[in-house]
Every structure is written in C-alpha cells, then in structure tokens.
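> Line by line, the protein sequences are chains A and B.
In case it helps, the numbering used here puts the first sequence at residues 6 to 400.
In case it helps, the numbering used here puts the second sequence at residues 6 to 400.
Honestly, the hints are just simulated from the structure, not real lab data.
Just so we're clear, the structure is a prediction, and the values are computed from it rather than from any experiment.
Some clues are possibly wrong.
What the hints assert, rightly or not - Stretch-level coverage of chain A by chain B, calculated; a stretch enters the list once three of its residues show a Cβ under 8 Å from a Cβ in chain B:
id : segment
1  : 148-158
2  : 166-176
3  : 225-236
4  : 267-278
5  : 322-332
Just so it is clear, CB atoms sit at the ideal spot from N, CA and C, and this is done for glycine as well.
There are 2 protein chains.
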Amino acid sequence: MPLIIPVDSDFSIHNLPFGVFSLGEGEKRIGIAVGEHIFDLTHAVEKGWFSNISKETVQTGSLNALIGQGKEITGNIRKTIQSAVKNGTDLSAYLLLQSDVRMHLPVKVGDYTDFYSSEEHAKNVGKLYRDPENALMPNWKHLPVAYHGRSSSIIVSGTSVKRPSGQIKTTEMERPVFGPTRALDFELETGFIIGKNNSMGSPVSTSEASEYIFGMVLLNDWSARDIQKWEYVPLGPFLGKNFATSISPWVVTYEALQPFNVAGPIQQPKVLPYLEFEGDKNIDINLQVNINGTTVSRSNFKYMYWNMEQQVAHHTINGCPLRIGDLMGSGTISGKDENALGSLLEMTHGGKKHVELDDGSQRKFLEDGDEVVISGFCEKEGIRVGFGEVRGQII
Amino acid sequence: MPLIIPVDSDFSIHNLPFGVFSLGEGEKRIGIAVGEHIFDLTHAVEKGWFSNISKETVQTGSLNALIGQGKEITGNIRKTIQSAVKNGTDLSAYLLLQSDVRMHLPVKVGDYTDFYSSEEHAKNVGKLYRDPENALMPNWKHLPVAYHGRSSSIIVSGTSVKRPSGQIKTTEMERPVFGPTRALDFELETGFIIGKNNSMGSPVSTSEASEYIFGMVLLNDWSARDIQKWEYVPLGPFLGKNFATSISPWVVTYEALQPFNVAGPIQQPKVLPYLEFEGDKNIDINLQVNINGTTVSRSNFKYMYWNMEQQVAHHTINGCPLRIGDLMGSGTISGKDENALGSLLEMTHGGKKHVELDDGSQRKFLEDGDEVVISGFCEKEGIRVGFGEVRGQII
C-alpha cells in the first residue's frame, strides 16, 4: 500500500502528531497521524522498531510514559517515520485508517491550568462582567493571569456534553434559583501538554521552557455563563466550567510548530525580568469555530499577549512543580475583529445580540443538539501542519 | 508482644486510620495506626489475611485501590483489627513502631478542591481584602464557595516548605516588584478524601454523600498573602497557594468520626433543595495550631457553616465527576473567638498586629526556620479519635 497524503491534510509529514487510539473496545495504543492514516507505534515497538523504547512505554494507554522518555526519543520517532514515508518504505503492516479507529484522551492529565492570556478576550469579558471603563484588571499586563481547572472532566473530541444545572441569579432576581444553565457557551482555546517534570521549588526560565512543552492541542472550555457569574466571586470559576473541557486527540509537537513562529504584541509596560524572553514566540495558527456547520469565528493563536514560554516561567516562579501530562489552556483566543471572537458571550455582548446560523436560526447561547467544532492549522510556503478538530455536541 | 495503647493516644481502637509508610527507602506499604504502632496491612494480606483483598490492591504505594474496594471491605479491615486487639491476638508479626517508619502521602490525589466554608474566616478575609461593610459576598450563604487547587504540590507532613518568590505589589507601589514573599502564612484546614467515583453528569445528593467520603486528614494550606493579593483578581488564588499544601499522613475514616457529630449553625437564608440535609453533619474536632511550640490558635471543625455532605452535593450538582483519592479542603477554620483564628492574616489583621511566641519573639507572618504544627482530635465519653499532626518547616 503506497501511502498517499492529501495535499490539504492537517497531518502532513511535517506534522506527525501523537495520539492514543483503539480498534473499537480494544486496548489503547499509541499512534502517529499520517495523512488519513495512523502509524501504529505500539505495534511497531512490539515488532522491534525503536530498540531504545521498551514495550511497556507504549502499552500504558496514554502518552505520558513515552513523553517522559524525552524529546530526543519522540523527535527520533517522528524523523524515522518521516524518512520511511519519504523513502517509500512499505509501512502497510503498521497503518490503519483514522476513520476505522476510536480516539482517546492522549494523556493522563495530572493538573489542568487555564490561562487568560488574550488581551481582547480579557477586555471583552471585563466590560461585560465588571467595569467597562476599567475592563483590564491592574495585574493583567504584569503577569499571565491563570487559575486551576478540573482534570477529571477533561474529555476527548467527540464526547457529548450534558447541559449542566446549577444556581443562577440574574441581577433582577432577589434570590438564586436552581435549574439548567440558560447561557451555555464554548470557549475557543488551545492547550499545551507538559513534557518534563520540574522539581518542587525549582522555577523554569523562559529560555528553558521549550524543553517542558511537549506539544499542543485544540481546547474547548465549555462554560455556563449564568452559573459562573453568580459563583465566581471571590475565588474564581468553579461549577461554571468544571462540568466538561474538550480537547482534540492529536498532540502536535512543539517542534512541528516552530516554522510558524511569529512576533507577538509588544508588551508594554515592560515585564519583570523573569518574564523576559528572546525570539519570536507567538505561533501563527489559524483557528475556526463552527456551530452546526456555520463558521461563527475565525481567530488566530498569534493574537495572544502572553506566550507559552512566559506561561511556564510564571507558573513555576514560585516553585510549583509541573508534571508530564499536565494541560495548560491558553484562555479564550479573541482577535480585535468582530469575526474573530472566541466565545458567544463576546459575540452576543452577553446575550444582548444574536448570532445567525446558515439555517436561518439564531443563537444567543448554545441549544440542546448544537454541535461545536473547533479546527486549527498552520500554513506557510506550501507546508501545512494542522490539529484536526475538537468536536462536541450538547445533549 | 502485648499491644498496649496509651489512653491519650489519637490512634485508639475506635480510630484505626489508614496510611502509607515505608521502612526508610523501602517499598511503600499500607498500614493502620494502632496506638504507637502500625499494623502492616500489606504484609497481612500477603500472608493470607482478608482473602477478599488481592495482594496487588495493597502493593500500589497508595490507598486508592484499597479505598476503591468499597466501605464494606475497608470497614471489615477495621473491625477485624479491632477484634484482634480486644481479644489479645498476637499481632507482633505485623506490628511496627510508628517512630521507625517514614510516612508518605496516603493517596494519589487526582484533583484538589479547596472550599471556603467557615463564615468567620470568609468575613475576616473579606474585611481585609475587600469591603469591611460587605465582608461576605452575596453568594456566600447560598452555596459553598470553592476553587480548584493544585494537586502536584500536595506534600505529606514533615516535608519542608521553601519560601516562594513572586510578584508583589502593595498599594503604595506604583509597579509590582519581584522577590520572596514577605507575608508567608499557614491556613488551618481539614480535608476529606473521596472514596467512590460518580459518573460524569450524575450529581450526588446530600443523603448519598457519605458513601463518597472515605475519611479526613488535617491540612495546612500554605499561603503567600502578598502574591495572592496582587494576582487573585478576577480568577482566584494561583501562585499564592500552589507552591505547597501539607496534609497529615493518617486518613481517619468517616465512620470513626460519626460518634462526634454535632449540629451545625442554622443556615439562614434557607438553602436550595439540593443543599438540604438531614441529621447532625458537623463534627466536633478540636484543632490546634502551634508555631515553634507556642499554641497560637484553638479552633474547632464544628464551627463550619457548610458541611461535607453539602460540599459533595454542590461539587457534583453540575455533573462534575469526583474520583477516588480526590482531596477536598474545608477552607480555613476560624471561630468567633480571637483565640480561634485559622491564619496569621486574621490574627494580625493583615500584618497590623503581632502574635507573641513563648520565646518572646513576635510574628506578623512566618519567618525562615519557623515550624507550624496543626493537630486535631475528637473526644467524648472517654473515647478519643485523633488525627496526629501535620507539620512543616519554612526553609
């Protein structure tokens, strides 16, 4: 079987992202996406490929142990497959069609942190939830604000999301009421997976941070805005967020994304020394959100104010230990343009306006049955490196 | 060897808490505290005791798999040991001295949630950080406010805590500065360990909650007040907390604490139906904080406004899945009395006053070398069930 990779595939030989799949209810195996196929890495290691990787490493049902082998090992896997495809090696014994398998969460997530690193999103939400005149909090331009999310409710693309219930109190109500959320929203985010442990008490600098970033996924941070608004003072979002967080199944490596680095926004006021960095650290990733097939947003990861290296340095500056498999969300990614907003909250100005779908229906927030699909890709000089999608339907 | 349990021991035969220990750097084993001894459960199972428990269950280095067997199994272990001690059975082949072993984290914590359920603490902090006239937020009496903490920095009693650095900005400063925290504090808390998984999307009611609460520990939620104050708006505490959270090594079972149940405060306004509960659900646990040997606080878990059953019901009302081993902190436990405050922040009115130690020295916040010890026990009609202590020194 000659391996043909469609020219518009997210999974070109420049990409080769890692994931976890199974055939139906079978055992979970590690795979590498190649075009419309999966290279079955677990099978290859079992057959004697990559003598420096033990069979146990690829038989745990998650990427954590493999990632823990280090970037030299995972980088060598990508190079070997790249060469094999380029040289026309017959890989048919190790290839499956992506359409034939079931994808799983790629990693066992220890801790999940969600940042808040898009200036436009922070301003838009600040205007709606707090003071329109002082939308950004005084700390926002000095540090990448973040909070801890819940790892137990992280789900893989394709998993349905049950509309959560909770306490709701609008300004008109005298007391809170209990019921299903009336303001269910998505949040367009990316996430990165930690690839190396730091010791407790040992900060990681911005220049070391790349060693700790294994790769990226797309992330939908589902949010119940009415539950969130009532509960979040003074300790932050809790039940308004922790009912579900969806991620895409393929982890695109940090290295595969380097060709798409671009300069980020100028950070003014000047950041403290531990947040200074060198080089272009933003990444030009085209992002798109569809609701029931209608594109409602086109944003880009390059808009982020704070980059991933700064997020790692900030997260560890107090000695906090990061562990392999931890997930770091970017925060909602909004651009300046009206068509580049990362949540319905922003698009509808908190439910005051409608978003029109192609079937003529309107949305303030998500309705039961709605399916949200976030997709993303980089493209430059004919080279495409993409993420596939993260998909979820409200039930 | 006849087993003599000192009358004032926290670990009476009414208690029999579960923990994880090792002999030096040896393998981690599961033990039950009995007076000054440990009953080596792993050894007992390996020797054929408890035929309904597999050896693998007690050889994983944490309690999670054993807890997962259910309360009937873990309750039967306690009953069996209780009978053996009462009957004078020779247990010497299975007993070690606690002073001879090293204790470890009892569970592998998936997610760590910290509540904020003491009315006095919430009021005291609200006065200092926000508006003295409206110290309690409007939501506080309607729901048990909580946020997600970090599980990777949970450490067992005895582990030293490195003073964290971070961004600090007092009101007088024009811009933030970077440096070691000048306001390092403890927080007197308890925590409970989840003993049963709920399915994603399936809330747990207050009446079912006891099945999900395996047992309790003491918890010190170390806090860097200056870092916290600058970073925490709008998404809650992050680096001001996630550098370290200490817990005591012995998990006292929910069942061992039932004789000490007492009525909690009357909840007014009336809570929503999903937070209603029956019976006395607060627990009379005497709590004490020592700094370098000086007792600086005597508080009690019975002061809590929200009980654990309500916390479980609230946490899952949106369908959030809890997993065996998850840790739920109570929030700082303060009483009305000036001598019953659970943090230096409250005792010193935010650093405006001093706390006097027995050696004549004074503290606004913790200094390097200071050792904080939290201890706790229940006592009623001559029966004592205690927690031991959670200890940590600042380095």
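> Next step is simple, just say for each hint if it's right about the structure.
A quick look at each hint next to the structure:
1. Against chain B, the segment 148-158 of chain A contributes 10 residues with a C-beta closer than 8 Å to a partner C-beta. That satisfies the three-residue criterion, and the hint holds.
2. Requiring three or more residues with a Cβ within less than 8 Å of a Cβ of chain B, the coverage given for the segment 166-176 of chain A holds, as 6 such residues are present.
3. Beta-carbon proximity to chain B at under 8 Å applies to 4 residues in the segment 225-236 of chain A; the threshold of 3 is reached and the given coverage holds.
4. Proximity of the segment 267-278 of chain A to chain B, defined as three or more residues with a beta carbon under 8 Å from a beta carbon of that chain, is established by the 3 residues found.
5. Check result for the segment 322-332 of chain A against chain B: holds, 8 residues qualifying (beta carbon to beta carbon below 8 Å, three or more required).
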